[in-house]
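There are 2 protein chains.
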Amino acid sequence: MITMEIESILDSMQKEGIESLIIFKPANITYLSGFPPSSMSVIVIKDDALLYTSKMEMEDASNSSNIPLTEFKSLIDIIKDLKGPVGIEKTLPVSIYKKICNLHDTKINEIIESKRMLKSPDEIKYIQNAIDIAEESLLNIEICGRENQVAADLEYRLKSLGSIRPAFETIIASGKRSSMPHATISSENILSPVVIDWGAVYNGYCSDITRTFIENEEQSEIFNIVLEAQQEAIKVIKPGIKASYVDKVARGVIGEYGYEENFIHSTGHGMGIEVHENPTLSVNSNFKLEKGMVITIEPGIYIKDKFGIRIEDDILIKNKAKALTKLKKDLSLNIN
Amino acid sequence: MITMEIESILDSMQKEGIESLIIFKPANITYLSGFPPSSMSVIVIKDDALLYTSKMEMEDASNSSNIPLTEFKSLIDIIKDLKGPVGIEKTLPVSIYKKICNLHDTKINEIIESKRMLKSPDEIKYIQNAIDIAEESLLNIEICGRENQVAADLEYRLKSLGSIRPAFETIIASGKRSSMPHATISSENILSPVVIDWGAVYNGYCSDITRTFIENEEQSEIFNIVLEAQQEAIKVIKPGIKASYVDKVARGVIGEYGYEENFIHSTGHGMGIEVHENPTLSVNSNFKLEKGMVITIEPGIYIKDKFGIRIEDDILIKNKAKALTKLKKDLSLNIN
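Line by line, the protein sequences are chains A and B. With the working numbering applied, the first sequence has no gaps in its numbers, which climb one by one up to 969 at the end. With the working numbering applied, the second sequence has no gaps in its numbers, which climb one by one up to 969 at the end.
If you're looking for bench data, these hints aren't it; they were derived computationally from the structure. Values in this document were obtained by computation on a predicted structure and should not be read as measured data. It is possible that some hints are incorrect.
Copies of the same chain are indistinguishable here, so a pair counts whether it falls within one copy or spans any two.
What the hints assert, rightly or not - Derived DSS-like pairs (lysine-lysine); straight-line CA-CA distance at most 27 Å:
hint, residue 1, residue 2
1, K688, K732
2, K688, K939
3, K921, K658
4, K939, K962
5, K706, K937
6, K731, K679
7, K688, K881
8, K713, K740
9, K706, K881
10, K875, K706
11, K962, K758
12, K706, K939
13, K937, K962
14, K875, K688
15, K875, K748
16, K921, K688
17, K881, K924
18, K871, K962
19, K732, K658
20, K921, K706
21, K723, K648
22, K688, K937
23, K740, K658
Could you put the whole structure together from the sequences, leaning on the hints where they help?
Below is the structure:
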């Protein structure tokens with residue numbers, strides 16, 4: 634029995650001149666089968682889809698996989714039986730790539746990743762749940778003590794509310810450290826402002842939100858610029874628009890105030906099974922936005938040796954942008 | 634200035650006929666520079682080592698990198714300037730691999746991974762700290778309620794005690810679910826037995842421990858077989874011995890009792906910056922054990938639809954095995 638999902642992949646394969654598709658990336662295996670592998674697993678799509686997984690995971694996979702399953706034994710046998718040209722993912726162990734390309738024509742493709750960009754109603758529901766869990770986790774949290782203590786509290790709440798793990802390493806960057814967008818967490822005392830970038834995972838789907846707690850006029854001024862950049866970017870979102878244009882709008886607002894050099898990352902990214910998925914919303918992005926995509930919009934201004942401010946929300950693209958995050962943005966810090 | 638570390642890498646490069654080494658893998662970058670990258674970063678070793686990192690991470694990297702640093706701009710320019718033959722890692726984006734191999738001879742190598750197998754006194758100290766944090770986290774924990782609630786408690790304790798994150802997704806697999814070695818966590822009520830597989834990260838280094846809380850005679854019988862397998866395996870550990878032999882000893886004990894088919898994974902693995910590193914202790918492993926390696930020994934018996942038992946300790950190889958874990962193994966469960 635061929636599901637509609639597999640049929641649509643077979644269509645895309647035909648369009649790209651691909652006879653067999655071999656899938657190693659865990660997120661893609663999870664997407665296709667519902668089974669999140671934690672050891673060597675492969676999906677091969679020729680006329681139908683077949684999941685190979687290790688003996689150790691057969692039991693777990695047989696409970697959760699919705700495509701036929703067999704034990705993984707020899708990669709060479711799998712590769713030998715492929716029909717060419719073979720579709721491969723962008724990142725592969727070099728030795729596997731060599732084996733495939735010695736036997737078959739290969740075509741790097743993003744068929745699964747393109748399907749994953751467009752979320753089904755179920756996927757949107759899972760993402761919304763992941764967002765709700767993350768938002769509820771932040772409510773009434775006490776922002777005091779050490780950065781890692783606040784993170785421990787927040788992650789405890791995430792897990793208690795049903796997030797299997799944090800969607801990524803929670804960022805709590807306060808004081809001068811907030812000027813580093815991906816600051817690793819410290820055991821230093823919380824200072825102001827406090828950038829909190831966190832997410833939950835619900836049923837395999839992620840959320841990714843940032844809020845910045847501010848304290849004074851100087852921070853508030855920068856906060857308002859970032860907020861304006863975010864709002865203007867969200868306003869222009871609609872199906873058919875270039876992802877790079879959304880980035881340009883956010884960057885433009887920040888540039889008007891003279892902080893272009895302080896906005897040192899892209900405006901956003903797709904989000905789903907992985908925290909960072911296609912499409913990217915950056916200067917050089919070639920993606921167009923489409924209905925059903927879920928993206929983040931997260932401008933920021935980072936002033937070295939002073940502080941940084943970032944605001945990040947999760948957006949579903951319908952006829953226009955629909956914010957899935959509801960948490961208020963205007964948060965002030967009272968450090969006792 | 635060339636550090637002793639880089640000098641030893643240059644030696645290995647010469648032995649393998651490699652002129653330039655290009656490093657993409659984050660764990661290898663962390664090992665060489667002390668900086669854990671969270672975006673596109675590369676280290677190139679020719680006569681000296683140079684770290685390229687994204688604009689966004691320059692500030693963070695300049696605080697923590699102990700090798701010279703420059704901003705990452707164009708991969709093509711970096712590749713163009715390499716001198717061949719070029720040493721590459723096992724797993725690479727195919728497009729990058731193609732670019733390198735079109736311009737240069739390439740040699741897949743594990744120079745950095747081989748260095749990483751042998752831990753320095755500092756690295757052993759960090760691992761010991763990661764073990765101590767994990768062990769202290771389990772002490773006095775209440776094993777009741779739902780699996781994910783116990784995991785939330787445990788991970789809260791890990792983080793509060795200074796673990797930047799869990800070393801991996803904590804496994805709490807109870808009742809029938811304990812027969813899946815890598816069971817994903819559930820929100821079901823705790824049953825017996827309870828397999829807990831967890832680890833801390835201290836200063837970038839991991840621990841990885843498993844304890845099984847048992848309740849009755851039937852479980853105790855299997856527990857004792859697993860314990861005997863572990864003890865016998867640990868007894869034969871010494872420098873120069875084959876890693877596969879240690880696996881054979883553990884597998885042999887379990888086989889004697891008729892459970893060979895129920896030991897469905899390898900006996901252990903190296904541990905350090907990554908939870909799973911070289912050497913592997915499996916049937917087909919080609920590694921020999923050496924002084925300074927830190928490995929896990931983790932036999933298990935998994936009986937489908939009944940239960941599973943695993944015991945895992947972290948071992949430093951000196952003249953013989955030295956257990957770094959100290960937590961008692963004989964743990965009984967009292968579910969109220």
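Each hint, compared with the structure:
In this homomeric assembly, K688 and K732 come within 27 Å of each other (Cα to Cα) only inside a single copy, at 23 Å, whereas the closest approach across copies is 37 Å. Within a single copy, K688 and K939 get their C-alpha atoms only as close as 53 Å, which misses the 27 Å cut-off; across copies the closest is 17 Å, which meets it. Proximity of K921 and K658 under a CA criterion of 27 Å is satisfied intra-copy only: 24 Å inside one chain copy versus 30 Å between copies. Taking the shortest alpha-carbon separations for K939 and K962, only the intra-copy value of 21 Å comes in at or below 27 Å, while the best inter-copy value is 50 Å.
When the C-alpha separation of K706 and K937 is checked against a cutoff of 27 Å, the pair qualifies only between copies, where the shortest distance is 20 Å, while the shortest distance within a copy is 53 Å. Proximity of K731 and K679 under a CA criterion of 27 Å is satisfied in both settings, with 20 Å inside one chain copy and 26 Å between copies. Proximity of K688 to K881 under the C-alpha cut-off of 27 Å is restricted to the inter-copy arrangement: shortest distance 18 Å between copies versus 49 Å within a copy. Within a single copy, K713 and K740 get their C-alpha atoms as close as 17 Å, and across copies as close as 24 Å, so both meet the 27 Å cut-off.
Proximity of K706 and K881 under a CA criterion of 27 Å is satisfied inter-copy only: 20 Å between copies versus 49 Å inside one chain copy. In the homo-oligomer, the alpha carbons of K875 and K706 lie at most 27 Å apart only across protomers (24 Å), although the nearest pairing inside one protomer, at 44 Å, exceeds that limit. For the identical chains of this complex, K962 and K758 are intra-copy neighbours only, at 23 Å inside a copy versus 42 Å across copies, given an alpha-carbon limit of 27 Å. When the C-alpha separation of K706 and K939 is checked against a cutoff of 27 Å, the pair qualifies only between copies, where the shortest distance is 26 Å, while the shortest distance within a copy is 56 Å.
Only within a single protomer do K937 and K962 lie at most 27 Å apart by alpha-carbon distance; the minimum there is 23 Å, versus 50 Å between protomers. When the C-alpha separation of K875 and K688 is checked against a cutoff of 27 Å, the pair qualifies only between copies, where the shortest distance is 24 Å, while the shortest distance within a copy is 45 Å. When the C-alpha separation of K875 and K748 is checked against a cutoff of 27 Å, the pair qualifies only within one copy, where the shortest distance is 18 Å, while the shortest distance between copies is 46 Å. For the homomeric pair K921 and K688, the shortest alpha-carbon distance between copies (25 Å) is at most 27 Å, but the shortest distance inside one copy (42 Å) is not.
With identical chains, the CA atoms of K881 and K924 are at most 27 Å apart within one copy only, with a shortest distance of 20 Å there and 56 Å across copies. Taking the closest pair of Cα atoms, K871 and K962 come within 27 Å of each other only inside a single copy of the chain (23 Å); across copies the shortest separation is 58 Å, beyond that limit. In the homo-oligomer, the alpha carbons of K732 and K658 lie at most 27 Å apart both inside one protomer (17 Å) and across protomers (22 Å), since each shortest distance falls under that limit. Within a single copy, K921 and K706 get their C-alpha atoms only as close as 41 Å, which misses the 27 Å cut-off; across copies the closest is 25 Å, which meets it.
For a Cα distance limit of 27 Å, the shortest separation of K723 from K648 inside one copy, 18 Å, qualifies, whereas the shortest one across copies, 31 Å, does not. Proximity of K688 and K937 under a CA criterion of 27 Å is satisfied inter-copy only: 12 Å between copies versus 51 Å inside one chain copy. Proximity of K740 and K658 under a CA criterion of 27 Å is satisfied in both settings, with 16 Å inside one chain copy and 24 Å between copies.
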